[in-house]
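Participant: Keeping their order, the protein sequence lines are chains U and S.
Numbering follows my numbering, in which position 225 of the first sequence is assigned residue number 253; successive positions increment by one, without gaps.
Numbering follows my numbering, in which position 260 of the second sequence is assigned residue number 288; successive positions increment by one, without gaps.
Among these hints, one or two may not hold up.
Because identical chains share one entry, a pair is satisfied inside a single copy or across any pair of copies.
Cut-off 30 angstroms, straight-line C-alpha distance, at most; resulting in silico cross-link-like pairs (BS3-like, lysine-lysine) [what the hints assert, rightly or not]:
id, residue 1, residue 2
1, 216, 275
2, 269, 280
3, 281, 233
4, 144, 185
5, 216, 269
6, 180, 144
7, 269, 281
8, 95, 144
Keep in mind that the hints were calculated from the coordinates and are not lab data.
Just so you know, these numbers come straight off a predicted model, no measurement behind them.
2 protein chains.
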Amino acid sequence: MRLLECVPNISEGRDEEKIASIAEEVRKHRRVKLLDCSSDKDHHRSVFTFIGEPEAVKEAAFSFTMKALDLIDMREHKGDHPRLGAVDVIPFVPIQGVEMEEAVQIAREFGKGLGKRGIPVFFYEEAATRPERKDLPSIRKGEYEGLAEKMKDRQWKPDEGPDRFNPKFGATVVGARFPLVAYNINLKTKDLPLAKEIARKVRFKDGGFPHVRAMGVDLKEREMVQVSMNLTDYRVTNIPKVYEFIKEEALKKGIEIEGSEIVGLIPLGVLEGIAQHYLNCQPFSIRQVIEQRILEFE
Amino acid sequence: MRLLECVPNISEGRDEEKIASIAEEVRKHRRVKLLDCSSDKDHHRSVFTFIGEPEAVKEAAFSFTMKALDLIDMREHKGDHPRLGAVDVIPFVPIQGVEMEEAVQIAREFGKGLGKRGIPVFFYEEAATRPERKDLPSIRKGEYEGLAEKMKDRQWKPDEGPDRFNPKFGATVVGARFPLVAYNINLKTKDLPLAKEIARKVRFKDGGFPHVRAMGVDLKEREMVQVSMNLTDYRVTNIPKVYEFIKEEALKKGIEIEGSEIVGLIPLGVLEGIAQHYLNCQPFSIRQVIEQRILEFE
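The shape of chain U in the complex, shown without the other chains (with noise of 0.2 angstroms):
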């Protein structure tokens, strides 16, 4: 089996009939299977998580938007999380058996579909079609309100769909990206610029490793501070490689871990590089893991 994921945000998270409206767009492809949902009634946002064969999450992501169109209008959305319209940002993830050249060619042809459908579409990421629209926040700059005014500077013409301001979609932000695996390492001190100095060493763009973006953070009810990264291509930075750097560098003040949390979901390949490094097994294979060989089967 091969595996696409889709993790599209949309801008309303406290209607719950609406939200479970939008999701069961995804449950009823059964070729594909929502592994996750989550609404934030603060950001008045929702997140899902859907997976399955490129062309059936392709399909599931079309419907799932026309049906949340259908029910958000931004002239009514206020949240505090930045966002450019009702389905805001729609990232495809290849995660077993996909190339990312397959991702970013369903995230182009689905954001065609949308344009034909009258939605103004910005490509991000692997997806974008220049430099400065690969990162989102660039794009998501001025937010929905500012949209309008944003679209006529012929720098920000839509990447498909037409370039007038839509009041009730605001624009969608369609992308491929590889998986994002969100890890923190607690460490037992209060000290937060060590925290924070051991952060600026392991991130990217302070010299650090590649695809490795990381804060410190006061966890102030637990007594610690911690390291708090997101992995963005776990193939080129895997965990151990961070966990190993960070304990050194903590030990180098006298300072231990205290643990690791690996957040949210992870693709199996991520356990597979973890096995490869600590017991130096290199020709062992996510074939070997029964789950993942029960998968292959579909």
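Given the coordinates of chain U, assemble chain S onto it according to the supplied hints.
Facilitator: Frame of chain U, contents of chain S only:
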């Protein structure tokens, strides 16, 4: 999805047509997946691995066994591997969401069913009815050729089925056991006595870790030696424990680990334990693995 595995060993490893038609009995059970089938011509023996919900696995095992007994005649069987009957051994192995007690119950019901069809059945391992039948080699001692004589001994009256020798079937050993993890560690040395010494230290019967069997092996072609292990309950002794112990023992003699090998299939729980050990991330669960979550829809 709850997962029980079944690993029957049959006394036919040469006639591909027969082997295929026996395998077909598993394949036609839609709710059971045949993960592996490997035959050995010298041993004149085949090992099948299939998996599914407990009741479905029991049913598939039953039609599998009936077909095998139909096609195999022990009076014509010669092979290098010890064996007692046409369907020689059938262990049921709890993989996920199934307790050992349930696997034992399935084994006992399955054995009772075979007994009703006239096949002498001995229960072994966790399904054994007396201590001296826990161990497969002691049940199989004397082999098929000695079975008629052995069954005259009241101590070796079968647990199910007739207590008369059946020349065509021989007898079947049915049981329940935990999944076995075959794991080898290769040492950067040709010093076989060292591998044997470490194997002694790590294995349970000589005072080592519980649920570990081990031996020292000479890898002549690769100019190395190996500590070859079976972990018979990875929940008690998992890979990291033996890896770190052997690494330390070898280092005492100035020897390094060249690498290690996980042989064959393992449950996802083994990888979960590896991540928990090395990353000190206790709350991590296999339910965070995307592939695992997909399975749960079945």
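Participant: Compare the structure with each hint and give your call.
Facilitator: Taking the hints in turn, this is what the structure says about them:
no., hint, result
1, 216 <-> 275, "both (11 angstroms within a copy, 28 angstroms between copies)"
2, 269 <-> 280, "both (17 angstroms within a copy, 27 angstroms between copies)"
3, 281 <-> 233, "within (23 angstroms within a copy, 44 angstroms between copies)"
4, 144 <-> 185, "within (15 angstroms within a copy, 77 angstroms between copies)"
5, 216 <-> 269, "both (20 angstroms within a copy, 24 angstroms between copies)"
6, 180 <-> 144, "within (20 angstroms within a copy, 82 angstroms between copies)"
7, 269 <-> 281, "both (19 angstroms within a copy, 28 angstroms between copies)"
8, 95 <-> 144, "within (16 angstroms within a copy, 58 angstroms between copies)"
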